[in-house]
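So the protein lines, in turn, are chains E and D.
Counting from 1, one number per residue, gives the positions in the first sequence under this note's numbering.
Counting from 623, one number per residue, gives the positions in the second sequence under this note's numbering.
Source of the hints: derived by calculation from the structure; they are not laboratory data.
Among the clues, some could well be false.
[What the hints assert, rightly or not] Heads up, simulated BS3-like pairs for lysine-lysine below, C-alpha to C-alpha not over 30 Å straight-line:
1. D/Lys785 <-> E/Lys313
2. E/Lys134 <-> D/Lys785
3. E/Lys385 <-> E/Lys431
[Said to hold, decoys possible] In silico negatives: residues of chain E with every beta carbon more than 12 Å from chain D:
4. Met52
5. Arg69
6. Val108
7. Arg117
8. Ala142
9. Leu408
[As the list claims (entries may be wrong)] Per the computed footprint, the stretches of chain E lying under chain D, defined by three or more beta-carbons under 8 Å from a beta-carbon of chain D, are:
10. 183-192
11. 533-547
We put the beta carbon where it would ideally sit given N, CA and C, even for glycine.
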Amino acid sequence: MALLQIAEPGMSTEPHRHRLAAGIDLGTTNSLVASVRNGIAVCLADEEGRTMLPSVVRYLADGGIVVGRTARAEQVSDPRNTIVSVKRFMGRGLKDVTHVESSPYDFVDAPGMVRLRTVQGIKSPVEVSAEVLKVLRDRAEAALGGELAGVVITVPAYFDDAQRQATKDAAKLAGLNVLRLLNEPTAAAVAYGLDNASEGIYAVYDLGGGTFDLSILKLSRGVFEVLSTNGDAALGGDDFDHRLFCWILDQADIEPPSSEDARRLQMKAREAKELLTVSEEAPIHVRLGSGEEVNLTITRAQFEEMTAHLVRKTLAPMRKALRDADLTPEDVKGVVMVGGATRMPRIQRSVAEFFGQEPLTNLDPDKVVALGAAIQANALAGNRKDEDDWLLLDVIPLSLGLETMGGLTEKIVPRNSTLPIARAQEFTTFKDGQTAMAFHVVQGERELVADCRSLARFELRGIPPMAAGAARIRVTFQVDADGLLSVSAREMSSRVEASVLVKPSYGLTDEEIAGMLREGVDRAGDDMLLRALREQQVEADRLLEATAQALAKDGDLLDDAERAAVGQAVESLREARNGTDHRLVKQRIDALARATDEFAARRMDRGVRSALAGHKVDEIEL
Amino acid sequence: MRIDPQQDYFALFGLPRRFELDGAALESAFHNLQAEVHPDRHAHLPEAEQRRAMQWATWVNEAFRTLRKPLPRAIYLLELAGVDAGLETNTAMSPAFLMEQMEWREAVEEARAAGEADELEHLRQRLVHHGREMLAGLTEAFDRRGDLDAAAESVRRMMFIEKLQEEIDDALEALES
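Bound-form chain D, shown alone (with noise of 0.2 Å):
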């Protein structure tokens, strides 16, 4: 079977179809292909091959930018895979998470009134502890148990925690400026 590295990142690094990966194949296989495409390469070439290297130069890092964290793969493997995520549709969410996550809301909405950088530091700390512990249900889901729907599932909460990250970053740069 020949692959067409267009329809498939993971096929374009050398890396088996799967949501758990090794973070140093990815990388040494990204720098691999860099080093072929990157336009500082081809530089002291005429137009064309300059053109032709952004595109791909483009292209590997859109690839190594989708494979190499968590949630843009696990939304990447779900597309392959033709399993709508329902990312912006799908927003039915259990009573118990979203009870949590207005918790969490609350406690930043909390620290960033009162000003409390360190607060909302010790938050994102255990924010991150807390997606990291949902990327173990994301491997069992995926690789284990082929649970798609799970693992759609899965991603949607985890899109609230990036959401609620990225709120934090603000905050936290909103305090320091």
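With the rest of the complex left out, here is chain E (with noise of 0.2 Å):
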């Protein structure tokens, strides 16, 4: 009964229907949003048929919110509401923070990440994220002609959990379903790979706008298997820019300059850096506020010579990256260039010097990871096609461990831990009768607990009291294919079982994204409503599709009370589905999965069993 219910009209069971899908390379200068169209990966163009948004949002004092080109045009005159850059502020507390005293911002140190004081009131770095990326949706969905399914979001490889959650957070408050997040570097390679029909070892340079990665790769018959990856996360173009703008400081003799002066003078410094590419000198005109000027002429040779430590700063990473893949740069065949930044003619030599061949720039630096990320999204939405067999398996950029004793750190998960991955440590009482234990979870490589990041601090109750000693409390880190992770904690040794799950501290908790969405629907009333109506309605959609899809290939897996029950559960998300109340819409969407579980684990099973060819397969523990 219920599977012909299901074949009902009205749904559609087509094998191949096209979801909507983009990639999105949210970028610390610009950002970009591509999609797969006619099979073909392409950046989508605003109505001026220009595909870069300026990564710049104004808050004016009227309520409205301006992002892109106009925005970045008035950063003058307005520097303390115009937030260019906020990349960098993604998942950091002030503390992190470079350059604070000559950027114009009025700085909030907040608990976990810094905040903006606006003339709309206080932001968080991911509020003004989500509306660089609300621009983004809206110019996919127009291009089109549709709602976005999903989208795929890179970050920097390099970014830690604080920043990839941050990002993760801004696309859920920008209304977003995020297929997944991927790394810049390794959506560079897909796109690099897939177009060149690439074999062997690979480097990917990738200096962005305020950050660096260097990613390995190995690509083997359609499988792109990152080996290793490094990286700074405070280190790009900017710094560059910044390295000049210090210069003219120094040269012209400015007294600590007016936000407006100094906003005036790094865009100065920045034209100049780009004017250096293929120039060999670069003339500096400003008009200051007071009136008056500021006429500097400055040569490829000197901004290289002050720039030199800002290119060697990206070898360590090269070398680092390059022995934990146990390799040297003569197994390297290529280095695809990645990001504006690696135009300048110093980076370019001092690559082609470190591997001993040219750099690969036939891929448009600014363009090739929205288009990676584009490949992957159309892929991910389900849209992959026979020819479409090739797999990322990526790593996890920095090691994530516990505090222990006197303040040091015992590593869990090492770096370069291909994802997603799975680790346990046993943990025991030191007290008798000791009933709570504390967990202080930190990433990064170094052996003092204060020289790594903190991402979260909890407590575990509820162990039975016990001599000192005899409780086995184990600790599992899971990191997803996203490189986020979740930690839980269990008493093994009695029958008592109490378990937390954490997110990290440098994020914002559940309760500050709802309120930020609440304003959101306040402000916009209805549109809001609706949209999540809709949102919840195409999630709807697409799970009645992959469950009429999964009966009409392994129904025979259950039994008829089953098969009834989940015949049932699919009846009321389609009524659901009918209405207007997206709550509802969505309990029925969970009430569904839940009765799919079971359902799901013998597919899986039943998959497997086929790759395995005979072998037995039981469900696994972690």
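Now that you have both chains on their own, put them together as the hints suggest.
Encoded structure:
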């Protein structure tokens, strides 16, 4: 019966219905959105035909928000309310932010992540990033003619857990369904590798506006396997601008500049840097707020000398990544250059010297990441075709561990482990009758906890009183395919179970996100409610379709009663889906997911069993 | 006989349970399995299937990590055979071996103190070479003589070498940053 209902009209069971998906490169300086159209990944343009959206957000006194080129043009006149390079603040505390003194913002030090005081109140970097994402979302939906089923958002490979979580939170705020967070160099490798049918060891050198990544990948028969990654999450083209900016201040003998002058000079510094890529010298003419004029000329040689230490800073991660992969520069078959900053001739020379070969620059270094993300998004959304038989295997960039006695770190998950990964470690009590135990989760390579990033603190309570050393507390770290961590702890020796899940303290709490979403609803009124309903409907359709397909293919795995139960859950979801209550749709989605949980398990076992050819498969325990 | 891959990573990848291993076959079996179970292949499916995919992929990764490198593979083989490698308890080493270790350590310490990255690199290469020689002995003990005690002894020695290599890597990193 249930099967007949599922096959009723109004519900698509076509295997290849195209779902709208996009890849988003959320950059420090510029952001892009791309999508696969007619089998080819393309960057989507705005009405004026421009693909790059400056990652600049301006908050207006009248409540309006401007994003992109227009906002960027106003950064000199309204520096405090015009946020540029916000990616540098994602998941970061005030003490981690570089160049605070020359930034025109009104920083607010908040627990976890720094905030910015604007004319519209205090804004989190997550909210600012969400504004950029919303513009890209609207652009994609207009270009593709429908709502996005999901997106892939790229992050620097060297982003830690807090920065990744912040990015995911921003997407949630922008109303996007994140299929995957994808590492930028890996995205570039996909775009490059699929384009050139490459095989062998490749290095991706990715110097963006604010971050540097170096990834080593092995490409073989459609598998993109990241062997190691390294980098510096606070090094990028911005630092080259800053060096030049400081030089101008010094040469022109300018006292600490006003916010407006600082922005003016920073823009000039960037223009001069870009000019020096193609020309041997660049003029710097600026009229300051006071009317005073600055007239300087800088040569490429001068610029290269003052930024030599920045170029050198990218060498150590290259060496480390190769060492972690047990490789030497000679093993590398090609070096892919990514990020606008790699256009600087000095960078190209230094990379060529290090690897003993000219780097590959045949793909636009500004677009290659977005294109790779679009290809991945298309596959993850379920639009994969038989010829797209490729697979990505990525790694975690930084080790994860726990604080132990004396402020030392005990590594649980080593860096460069292939994702997903789970690791467990046992600890014990050190006092008789101890009933609670505190854990401090950290990320980083250093031995001292103080030198690593603190991700979360939590306590396991309800341990039955025992002699010291008798309790067996098993702490499990699970890192998913997005590189995001969850930790649980459990006392093993007694029958009493206590377990806890943690979220990084550097991210926003769920309540904060909910509050921001509510704020958005208040502002936009019915639009947001309508949007929420439509999002749930898209999700419902996706689940209904997947369930119908699963039943058609593997329905024999269920007995009549089980099939009837699934059929009932399908029916009530479809009913809710045609109504107007988005909360009810969500409830019924969860209910159907629960009702098909066991079915999913059996299907997965069947799939794996066919891959293993006859081996018995039991449920695995982690 | 039915094999439960949960118990044996070798069976999971369809490889014979022995120390010497066909790296290309392992890698290709790993890729084939991940192509089936990886979360990316299930991202468009309901949450339950995504969760299951993550568990499977996690497990396949763990199996691959264990077999890929000689030392964890050797420890795993001993574990399967029910032999305690005594990594934490049995630290009694021959005086000759300990003397050799001390010499290595002194050389590393000297290079570190003098900030000689080239010398550290050189020591690292020698150490890697030394480790490869020990592998031949391990293959002999496991696959030809079936002498698990000798294998366990070699494993303990290789642990020393690995630890030393990590120290060199740390020293090199400290010099570079």
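Quick rundown of the hints versus the structure:
no.: 1; hint: D/Lys785 <-> E/Lys313; result: 28 Å, holds
no.: 2; hint: E/Lys134 <-> D/Lys785; result: 50 Å, violated
no.: 3; hint: E/Lys385 <-> E/Lys431; result: 59 Å, violated
no.: 4; hint: Met52; result: 28 Å, holds
no.: 5; hint: Arg69; result: 34 Å, holds
no.: 6; hint: Val108; result: 31 Å, holds
no.: 7; hint: Arg117; result: 35 Å, holds
no.: 8; hint: Ala142; result: 24 Å, holds
no.: 9; hint: Leu408; result: 14 Å, holds
no.: 10; hint: 183-192; result: violated (count 0)
no.: 11; hint: 533-547; result: holds (count 4)
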